[in-house]
Amino acid sequence: MSVLELRGLTVRYGHGSSAHQAVDGVDLTVAEGSIVGLVGESGSGKSTLGKAAVGLVAPSGGEILLDGADALRKRRRGERRPIQMVFQDPYSSLNPRMTIGEAIAEGMRGAGGRASRRAEVARLLDLVRLDPALAGRLPSDLSGGQRQRIAVARALAARPDVIIADEITSALDVSVQGALLNLVRELQRQLGLSLLFISHNLAVVRYVSDAIAVMRDGRIVEQGSTERLLAQPTDPYTRTLLESVPRFARVTEVPR
Amino acid sequence: MSATNLATPVVITPSRGRGRGLLRTLLGTPLGIAAVTSVAIVLLLALLAPVIWGDAADAYHTDALRQGPSAEHLAGTDSLGRDILLRVLVATRLSVGLALGATAIAVTLGLLLGTLPAVAGRRVGRFVAAAIDVAVAFPALLLAIFFAVIFGVGEVGTMVALGVAGGPWFARLTLTLSATVASRDFVAAARVNGVSRGRILLRHVLPNIGEPLAINATLGAALNLLAFAGLSFLGIGVQAPSYDWGRLLNEGLNGIYVNPWAAIAPGVAIVLAGLAFNLTGELAAQVIGRRTREKAPREPLPGPDDAPALPVIEHGGGDDERETLLDVRDLWVRFPSGGRWVAPVRGIDLRLHAGESVGVVGESGSGKSLTALAIAQLLQEPAAVAARTLRFDGHDLRDSSSRQTRAALADSLAMIFQDPMSSLNPAMRVGPQLAEVATAHHGASRRGALAQAVQQLSAVRIPDPERRARQYPHEFSGGMRQRAMIGIGLMGTPRLLIADEPTTALDVTVQRQVLELLSAVRAEADSALLLISHDIAVVAGMCERVVVMYAGVVVEDLPVAELLAGPRHPYTRALLAALPDMETPRERPLATIPGRPPAPAELTGGCPFAARCAVASDRCREQEPPLATLADTGAGHRVACWHPQAGAVGAADVKTETEAPR
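Heads up: the protein sequence lines correspond to chains A and B, in order.
Read in order, the letters of the first sequence correspond to residues 1 to 256 in this note's numbering.
Read in order, the letters of the second sequence correspond to residues 1 to 662 in this note's numbering.
There's no promise every hint is true.
Claimed, not checked - Pulled from the structure, derived: some chain A residues nowhere near chain B, Cβ distances all over 10 Å:
#1 10
#2 16
#3 27
#4 31
#5 61
#6 65
#7 93
As the list claims (entries may be wrong) - Cβ-to-Cβ under 7 Å is the rule here; a few derived chain B residues that face chain A:
#8 586
#9 633
#10 635
#11 637
To be verified - Cβ-to-Cβ under 7 Å is the rule here; a few derived chain B residues that face chain A:
#12 329
#13 364
#14 504
#15 509
#16 578
#17 582
#18 592
#19 598
#20 599
#21 603
#22 604
By construction, these hints were calculated from the structure, which means they are not laboratory data.
C-beta: ideal position from N, C-alpha, C; glycine also.
Let the sequences and hints guide you as you build the complete structure.
Put into structure tokens, the structure is as follows:
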């Protein structure tokens with residue numbers, strides 16, 4: 001179990017007068033074994049924040065700490081990468097020329113021989129509820145939902161402490177979205193992961209997250225526990241966001 | 001966990017060897033056969049000709065100097081009495097070999113240079129990229145002549161010169177292609193995992209740029225063949241006693257008045273070999289780029305192509321007395337795929353009254369967008385559209401070629417697409433794009449049309465419309481662009497607005513504004529709306545009636561009130577149950593629909609939802625249910641199901657995911 005802390009994180013694109021502050025002094029903590037949802041509209045900087053946390057974008061200021069230590073320090077080759085990421089588009093996040101097994105194995109560290117690697121791939125596929133026989137297949141044989149499970153398995157292969165999930169269901173249909181969300185929630189509990197769940201879909205964020213942070217123009221305008229933030233939003237933008245969620249009064253059985 | 005209690009059944013479509021498919025497609029057309037055979041012949045000649053005729057081609061016939069064609073020497077002889085045809089055949093090896101050698105050098109050099117920026121650091125990368133750009137600007141042949149002087153006149157020197165001269169071009173290509181691949185998420189994922197730059201290049205980038213590189217290398221070989229012949233002809237390339245086609249051409253030209261065939265034979269060889277490589281490269285590019293169109297299969301088209309048109313219905317069915325605006329019956333859309341017809345839309349019935357708003361919901365691949373495109377007559381070959389009735393506003397769209405019908409469509413049907421950036425012209429100011437509609441359809445003057453456009457922008461609630469009309473689409477935000485798109489749609493007097501996922505690319509706050517605008521302007525203009533969306537909540541908020549599509553058919557067609565109270569089809573019910581909203585209990589797992597929709601080619605004849613349905617029976621798996629009203633539903637509610645459900649949607653409507661114990 002690990003805690004991810006962002007302190008005064010700033011990411012700037014461009015130079016001089018054309019510079020754009022995509023992330024502007026963000027303080028955010030993902031507590032041990034918790035899921036923090038990050039919502040905001042496109043261009044609010046939420047994806048840039050996620051990319052900075054895994055080192056894909058260099059921050060221009062602030063700190064990214066994992067259990068109090070610099071999360072982005074140089075790591076030796078073969079050293080474990082404790083922060084992993086699952087991307088939005090499962091059609092772009094898997095190499096079309098690499099088998100499922102190779103893609104998952106790439107993230108593994110220290111696993112010795114070929115047999116033990118294969119066993120580990122099978123274990124991970126089983127963990128994300130896919131047939132281990134898929135290891136020899138290419139991504140083109142799989143549906144979007146299955147691909148996204150592979151992407152989750154690849155992230156888990158590195159045995160991470162923290163996972164950044166960037167819009168992982170927005171490319172999926174409603175009927176497969178639920179299965180992936182259930183899986184992510186269950187794995188998070190089972191493995192004690194800390195999860196930063198980035199999404200524009202408030203209903204989805206509300207369902208998975210213990211706490212929610214609302215982002216706008218590179219800043220976090222409000223954060224708090226899911227119950228508190230949804231019941232008593234204090235920031236006007238959070239209120240607008242809540243009001244904009246399309247609602248419809250379908251009649252459902254009261255769950256027992 | 002064993003394979004039997006997998007939550008999701010894994011469906012695997014058989015994968016086909018890509019390489020074999022490529023060769024088969026190449027050999028599938030007469031042109032392809034010609035190209036592949038001619039390259040094979042050229043390569044065979046290059047291998048065998050010197051072995052078979054090498055000595056004969058060097059034999060002097062002192063009794064037959066500088067002779068024209070004869071039975072003994074088909075293309076005549078040269079000044080030493082050597083057989084020209086045999087010399088042309090034998091020269092294949094040197095000509096082709098040198099061209100291929102130069103290409104190999106160019107490709108190797110190009111790969112090394114072009115991938116250097118990816119492997120080396122950022123600064124070295126920028127420098128190399130700039131150097132490549134400068135080198136590309138020099139004409140390759142000029143560079144080759146320059147290098148030939150440096151490396152020395154002769155075959156090897158010229159080969160190296162041509163190779164080095166071609167290098168920058170391949171480097172530029174490699175650079176561009178790898179930049180595209182490097183921006184994809186799988187490379188980002190590898191970087192997160194700490195995979196080294198070299199390994200990313202070898203495992204992730206190169207395999208994904210191999211095909212275009214190979215094609216360009218083939219085309220490059222054809223060019224090098226010509227270039228080499230040219231240099232040898234000029235005396236820079238191959239030196240005597242060696243000979244290639246260029247040198248033979250040079251020698252033949254000296255005696256062209258005595259024996260024209262001495263020049264024609266090597267010339268023909270150069271053209272043929274060049275063509276062979278060029279054609280093969282072009283064809284491979286077409287096949288890989290999927291630019292070749294699938295041929296129409298021989299089997300008969302499924303659907304109502306020869307069926308007679310149905311009688312016209314003037315006023316809406318059931319208790320609705322409004323005029324029928326759009327009447328679609330038994331609409332099919334078919335595509336050729338792998339030598340067969342597949343039908344992503346299989347017999348859709350859809351009717352809209354004047355001023356009515358109808359939503360079409362369904363998952364990706366359900367055929368909802370194709371249905372909209374087919375109605376708007378926007379589908380092109382190889383798609384084959386057919387319907388028993390396709391009437392809009394009194395016009396039979398089955399005969400859409402008539403000018404009258406097209407004019408009516410242009411005037412009274414407007415379409416709004418998901419991505420306003422790709423439906424607006426980026427090189428044209430927004431105002432003129434709206435004005436264009438008025439000038440093209442209503443014969444308005446330019447000034448009048450522009451005034452109308454500004455008025456329209458203000459009608460779709462764009463602030464400061466005069467200034468905005470002078471701006472380009474990229475200066476608009478996503479929501480603004482979609483407003484402008486709606487504005488274009490409403491420039492005419494549309495009786496029907498078809499909106500295909502109009503707010504999917506927008507944020508929730510902007511989505512709400514755009515939807516409100518769409519509602520308002522629609523009400524003002526009294527146009528009907530066909531709203532296509534994957535989001536059932538959006539449709540429920542905007543429409544009077546909802547049509548639910550699944551695997552190319554309508555499975556339920558019902559008023560929104562009944563959708564909310566409790567739909568009858570298990571798929572509709574499962575969709576509602578699976579949709580998380582702001583009230584979904586967080587402590588329980590989300591309801592899901594196991595499996596995935598069948599692809600058009602996988603349909604077996606039964607109900608397409610049977611495999612994922614909680615109440616499916618044997619009958620469902622064998623017989624596809626028709627779309628019909630039920631005994632206890634009104635005429636406005638149709639369901640295609642053998643076991644329609646009733647009551648509020650609940651947990652029983654989904655095969656709940658069973659969590660395996662661990």
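Do the hints match the structure? See the list:
Its beta-carbon lying about 21 Å from the closest one in chain B, residue 10 of chain A satisfies the requirement of being farther than 10 Å from that chain. With a cut of 10 Å on Cβ distances, residue 16 of chain A stays outside the contact zone with chain B, its closest approach being about 18 Å. For residue 27 of chain A, the non-interface assignment is confirmed: its Cβ lies about 23 Å from the closest Cβ of chain B, beyond the 10 Å cut-off. For residue 31 of chain A, the condition that its CB be more than 10 Å from all CB atoms of chain B holds, with the nearest at approximately 17 Å.
For residue 61 of chain A, the condition that its CB be more than 10 Å from all CB atoms of chain B holds, with the nearest at approximately 20 Å. A cut-off of 10 Å between C-beta atoms confirms that residue 65 of chain A is not in contact with chain B; the least separation is 18 Å. The non-interface label for residue 93 of chain A is inconsistent with chain B: the shortest C-beta to C-beta separation is roughly 4 Å, within 10 Å. Interface hint at residue 586 of chain B: satisfied, since its Cβ lies 6 Å from the closest Cβ of chain A, which is below the 7 Å cut-off.
Interface restraint check for residue 633 of chain B: the shortest CB-CB distance to chain A comes to about 16 Å, outside 7 Å, so the restraint is violated. Because the smallest distance between the Cβ of residue 635 of chain B and any Cβ of chain A comes to about 23 Å, over 7 Å, the interface hint for this residue is violated. Checking residue 637 of chain B against chain A: minimum C-beta separation of about 16 Å lies over 7 Å; hint violated. The beta carbon of residue 329 of chain B comes no nearer than 28 Å to any beta carbon in chain A, farther than 7 Å, and the hint placing it at the interface is violated.
The beta carbon of residue 364 of chain B is positioned within 7 Å of a beta carbon in chain A (closest approach about 6 Å), and the interface hint is therefore held. Because the closest C-beta pair between residue 504 of chain B and chain A is about 10 Å apart, greater than 7 Å, the hint is violated. Because the beta carbon of residue 509 of chain B sits about 4 Å from the nearest beta carbon in chain A, less than 7 Å, this interface hint is met. Restraint check, residue 578 of chain B versus chain A: the minimum CB separation of about 5 Å is within 7 Å; hint holds.
With a least beta-carbon distance of about 6 Å to chain A, the hint placing residue 582 of chain B at the interface is held under the 7 Å criterion. Taking 7 Å as the C-beta cut-off, the interface hint given for residue 592 of chain B holds, the closest approach to chain A being about 4 Å. About 11 Å separates the beta-carbon of residue 598 of chain B from the nearest beta-carbon of chain A, more than 7 Å, and the hint is not met. Using the Cβ-Cβ criterion of 7 Å, the hint placing residue 599 of chain B at the interface with chain A is not satisfied: the shortest such distance is roughly 10 Å.
The interface hint given for residue 603 of chain B is violated, since its Cβ lies 16 Å from the closest Cβ of chain A, which is over the 7 Å cut-off. Hint status for residue 604 of chain B relative to chain A: violated, with the closest Cβ pair at about 18 Å, above 7 Å.
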